[in-house]
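Enquirer: Throw the hints in and build the complete structure from the sequences for me.
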Amino acid sequence: MKSRLSKGKYWIYGIGVSYFIMDQLFNQWLPYYYLPPKEETGLSPLLPAGLITLALVLSRFIDAVSDPLVGYLSDKTNSKWGKRTPFIALGGIPLGFTMVLFFFPVKMTTMTTFISLTIVGGLFFIFYTMVGGPYNALIPDITNSKEERLDLSTVQSVFRLVFTAVAMVLPGLLIPLLGGDNTEKGLRLTIILLSIIAVLGIYICIFFLDEKNISNNKITESVKFKESSKYILKKDIVIYFAAFFFFFVGFNLLRGMINYYVVSIMQKPKGIITLISVILFGSAALCFPITNKLSKKYSYKKVIIVDIIILILGGSGLLFIDSQNSLLAYVLFFICGTGLSGAAFIFPQAMISEIAVSISGRHKVSVEGLLFGIQGFFLKMAFLVQQAIQLNVLVIGSEKDSEGLKYATSQGIYAAIAISLAFFVLSLFFYLLKKEKEDSEL
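Residue numbers (our numbering): 6 to 447.
Check before you lean on any hint, since a few could be wrong.
Unchecked claim - With a straight-line cut-off of 20 Å between C-alpha atoms, the simulated DMTMM-like cross-links for lysine to aspartate or glutamate are:
id, residue 1, residue 2
1, Lys306, Glu189
2, Lys275, Asp327
3, Lys43, Asp327
4, Lys112, Asp215
5, Lys43, Glu152
I should point out that these hints are in silico values taken from the structure, not numbers from a laboratory.
No experiment lies behind these values; they were computed from the predicted model shown.
Expert: Have a look at this one:
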């Protein structure tokens with residue numbers, strides 16, 4: 006067995022999750038750009054909510070098979086650079102480029118804008134898969150124990166939180182700085198700058214991690230795509246993916262509401278988005294060491310159930326906030342952040358890594374990439390469901406403007422948060438059904 010990973014390799018691996026900057030920009034700023042709230046005077050709606058939803062649905066269909074397919078192909082790859090590195094290298098630059106293209110749509114007609122969003126969305130998700138799936142599959146590839154996998158997942162979570170915070174915090178500062186009174190100009194320059202940072206992190210990781218030399222080189226055999234189903238379609242794995250999917254629909258809805266919540270519900274300037282983001286993700290960061298230690302003492306299941314209950318309690322309080330008692334919102338977002346520590350950051354990679362290692366150890370087959378690919382597929386489906394709900398629920402009670410388009414309303418924002426809580430409850434239900442041990446009966 007190889008010696009433990011050096012501290013340097015932990016940090017280099019963590020830097021590679023910089024692609025999450027683009028994940029957050031997509032989730033938070035794409036809806037805001039295409040369907041701004043009425044209080045945002047610097048932007049106008051570009052498409053009706055229904056067409057935005059349809060564009061994202063079509064782009065997801067384009068990408069529907071890429072997650073498990075890329076994972077499967079990376080399991081079978083054996084290049085001089087390793088299994089996962091070639092895919093990450095090929096996808097990094099195009100991923101950053103397509104992120105920028107989202108904010109330079111063709112605006113000649115409604116139809117050209119719709120087609121532009123659909124095509125760019127499809128390409129973005131394909132390149133995201135090429136980077137994210139193989140990157141996460143490195144966890145079981147380069148570690149040799151559950152403790153190492155938990156620690157590497159924790160380090161990745163620290164960096165993921167940092168990069169998510171960068172994407173949530175800096176735009177509120179950079180948009181007025183770079184654009185002045187021109188919100189669109191400021192947003193576009195901000196997207197370009199942050200996308201460059203994200204791409205640089207991806208290539209720093211693959212150039213300095215040296216996957217080929219630190220891989221644990223387990224003796225496994227490749228299986229045909231259809232044959233892999235007998236290892237993956239186990240009851241406990243299906244339950245895990247259901248719980249994972251419902252949680253991330255709820256989480257994406259909650260974080261996707263922050264911009265709208267600050268501007269419309271709390272009636273604060275956009276700069277407060279930065280403060281709320283720091284509180285939400287800062288409290289999650291404070292709990293990382295606690296979550297790591299608890300996870301070594303108790304099962305992942307026990308800790309994640311507590312996390313989701315905390316999220317439900319904190320999120321429920323947000324339904325009772327308005328401009329008169331908005332100070333309470335800061336406390337509630339702090340509470341929500343403590344629940345995100347394990348459920349949103351550490352456990353998704355740690356739990357699927359244990360499942361992958363268990364299957365590999367028992368059956369001597371390589372399905373790590375495929376499992377992470379399937380998890381990526383459900384994560385993207387969660388984004389799709391979130392966007393479909395968010396874009397259509399946000400305009401509840403809105404009247405059409407002179408061009409026939411609707412704006413986000415406070416009524417719609419409250420409704421979206423209530424729906425996010427319902428998805429957290431569904432996730433909790435499925436996690437309660439899951440067996441205690443991550444590798445049980447696999």
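Enquirer: Compare the structure with each hint and give your call.
Expert: Hints and how they fare:
The straight-line distance between the Cα atoms of Lys306 and Glu189 is roughly 44 Å, outside the 20 Å bound, and the hint therefore fails. Proposed proximity of Lys275 and Asp327 is supported: the alpha carbons are some 16 Å apart, at most 20 Å. Our distance criterion of 20 Å between C-alpha atoms is met by Lys43 and Asp327, whose separation comes to about 17 Å. The suggested pairing of Lys112 with Asp215 is violated, with an alpha-carbon distance near 44 Å, which exceeds 20 Å.
For the proposed pair Lys43 and Glu152, the alpha carbon gap of about 49 Å is over 20 Å, so the pair is violated.
Violation of the numbered hints given earlier is confined to hints 1, 4 and 5; the remaining hints are satisfied by the structure.
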